[in-house]
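Q: The lines below spell out each chain.
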Amino acid sequence: MYKFKPTLLHLLAGVAIVLGSAACSQKAALTVELKSEEDLSGLTLSTSAGNYYDTKYSGREDIRLFRVNTEADGIQAVRQGLADVHVTDEVVFSKSARERLGIKMAFRGEESFDVAFAVRKGNQALLEEMNRFIEASKADGSLDSLISHWLNGTPAPAMPSTGEASPQEPLRGITAINMEPICFLGEGGEWRGMDADLLRRFAIWSGRSFEMSFMDLGSGIIALNTGQCDVVNACLYITEERQKSVDFTIPYYLCRGGYFVLDKGASSGMGLWDRLKMNFVTEGRWKLIVNGLLETLKITLFSILLGTLLGMGVCAMLRSRRRWVSKAANLYGAFIQGIPTLVLLLIMFYVVFANAGMGGSLVAIITFALCFAWSSGSIFDSAISSVPVGQTEAGLSLGFTPLRTFTGIVFPQALTKGLPLFTGECVALLKSTSIVGYIAIMDLTRASDLIRSRTFDAFVPLLIVTVAYFVLAWLLRLLLNLLLLKK
Amino acid sequence: MISIRHLSKTFTNPDGGTISPLKDVNCDIEKGEVISIIGPSGTGKSTLLRAINMLEPPTAGQIIVDGKDVTAGQYPLDKLRMKMGMVFQSFNLFEHKTVLENVIYAPMELLKRSRKEAEEEALELLGKVGMAQKADVYPSSLSGGQKQRVAIARSLAMHPEVILFDEPTSALDPTMVGEVLSVIRRLAKEGMTMLIVTHEMRFARDVSTRIFFMNEGIIYEDGTPEQIFEHPARSATKAFVNRIQKLVYEIDSNAFDFLQIHTGINRFCFKYNFPEKSALAYDIVKEMLFEHLKDLRPLTLRFTHAELSGVTALDFMAEGLTESPLPGGSALDGIRAKVKGIVEEPTSRGFRIKVLL
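The listed protein sequences correspond, in order, to chains V and G.
One point on numbering: in numbering that gives the first Met the number 0, the residue at position 374 of the first sequence is 373, and numbering is uninterrupted.
One point on numbering: in numbering that gives the first Met the number 0, the residue at position 256 of the second sequence is 255, and numbering is uninterrupted.
Because the hints were derived from the structure by calculation, they are not lab data.
Ideal Cβ positions, reconstructed from N, Cα and C, are used throughout, including at glycine.
Heads up, none of these hints are tricks.
If you only want the chain V side, here are some residues facing chain G, beta carbon under 10 Å, derived:
| hint | residue |
| --- | --- |
| 1 | V386 |
| 2 | T391 |
| 3 | E392 |
| 4 | L397 |
| 5 | G398 |
Bound conformation, chain V alone:
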């Protein structure tokens, strides 16, 4: 039987293909000079799905909208010619980021908006507490100097004194933006920027500890409403529509939109080595990759362990002589197979275990184990079925008990037949864990997302995780064959 053994040569070939395709992806830039919103007619506009500009322009027939998940994706779309203009808040791209990315702001939006934090509807206590803090910060001028610090580089105001109240629950924030200078993951994995700073100051002021994770806005709002977090920040404009689903604090900042286009005058970018350095070395970003890798490995291995145990149960149920038991197992299979794993994961996180106070990792492990239970269980079942019944009869007729007939005669033969399928299923599980970022787990894929949204480089972080997954899958195969194929 032919077995695929990945070698360094295969790996290099894969890298070469990715490099080649990336090199061909640059497209022609916009030729017209944009001056105001009237010039947008006939163009493709990229913007974050569900934000104010999405709503504003979705009714316009002369403008094609290209909805993206993060600002980084939007800039990438503009750079690749998939969109002509990317619209977002003017403060999102710092001067240095604009230069590095080769983009410029064509014009500012005409309207201005109040920006505020979102809290869960009905969480009156937190809302009032935050409002008191913002009022106080406005009154003593610390808010202005904080904003000026992040936007213009002036010295930061002094930290507030530690809270009035006794120790409380931690303040759990979700940011839908990972972007200098609003809110970004800085050196050592610490969240920095205007929003993060303000929230941290509030936490100190109110005697809480502070933690923050990264999600797209849609998921963040769900997390907020199901109690997985307390506050969402994303340079959120206060709109009537949004006020139906969340409560806003009093505004802390007045923001205008920015329309970003490709800057033809800018240099054509950095060399591959500098890009690697920027994505991997600067601010210790390799730590994100390593931690993400460990998280992915943890979820995969525990899911395989738990899922295999459950899979044995599923297999026993499938083979039960009682009709309704095997029917129940098949029903379970139809259920698991009929729902996308991502949807199941979201249901488990936001509905089933919403109030259980479990970490996201544990929920992910349970979810993947449930899926793996079916796939491994049905593999065990078909592997056992593939051993002829005559083998069992021969074992019994020699005087072996049914249990020893199974362990000594049927199981070893089933193992040889089922192992390649089982290994394949384990690798598939490893790959499918890449969706856990949706519930704010910092796995390998999410780590690359974060780096991507900081450096606006789509290619290198993806290359790094591609290689990482490839190597992980290879090691997993090796490990399983080593564990299970020995005599």
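Once you have looked at the hints, place chain G on chain V.
A: Quick look at chain G alone, frame taken from chain V:
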């Protein structure tokens, strides 16, 4: 040693219907007996065998082994089965183990023999069935006859008090039946107690001390080989033991498949244990079809064999004819010299030339 009382077995089909291969079986089996179980297919021969070692638990009745009822429920079935070896139609060798490992596995695990002890004995047993030189190969590289001989050695390694043979030669190519039957013959001579479900009439007559003729879910007639085969008391027994095996080819045009007929004749001769006649039968068929009767179509060729009497005949039926297609009768003199006789006669269907081999 084994007493069976009012044993019955009823299977329920998934559609709710029932089928009862065993209705009311009663018998006593003593040590040293070699009992062949014969009878038409579907009369419960294999089911009876599988019920005796409880692979197929009976619906009702008792099986008393060494004074204890094994159907009672508390009886340890693994201990029962260690006393009874079983040889299957489909061999059921352990495919993941070598020939030697197949034989030593149960003695080492169940009788707690050391590997050395078990291997020594296994090699001796394999030698007995002529398989010692294949000790280290895997079953997948063996022929059917070789597999069955290993299976017999595997069963002997547990020193059973009785061996149950469930159609041991039915899945074999006709050329391999002989090697397996001779191993069983040898065991019979050594005084092994055996129950053999078989379709080999001559073998059954030669090797057995007793014959069970099973029909309609009961032991229809029970007696010595002489009683059953020479003087059967009941008409169904008589019809069964005197039954004639046949092979029929209808030849409509000259575009018939002679190779198929050749292979068919060959297999038929081996299957019913008269391979010595195969070359002669082939020569006669060839001469008749291509020379004497080459213009006679349609023609029906029947090859018949009465298992017990050993009478073998080739029938050439010239459809629709009332007179001999070979007038004068001298045409067949060459054949007549080689065979026991030729009968030429008109029948209601056509003119028949019967060659007795």
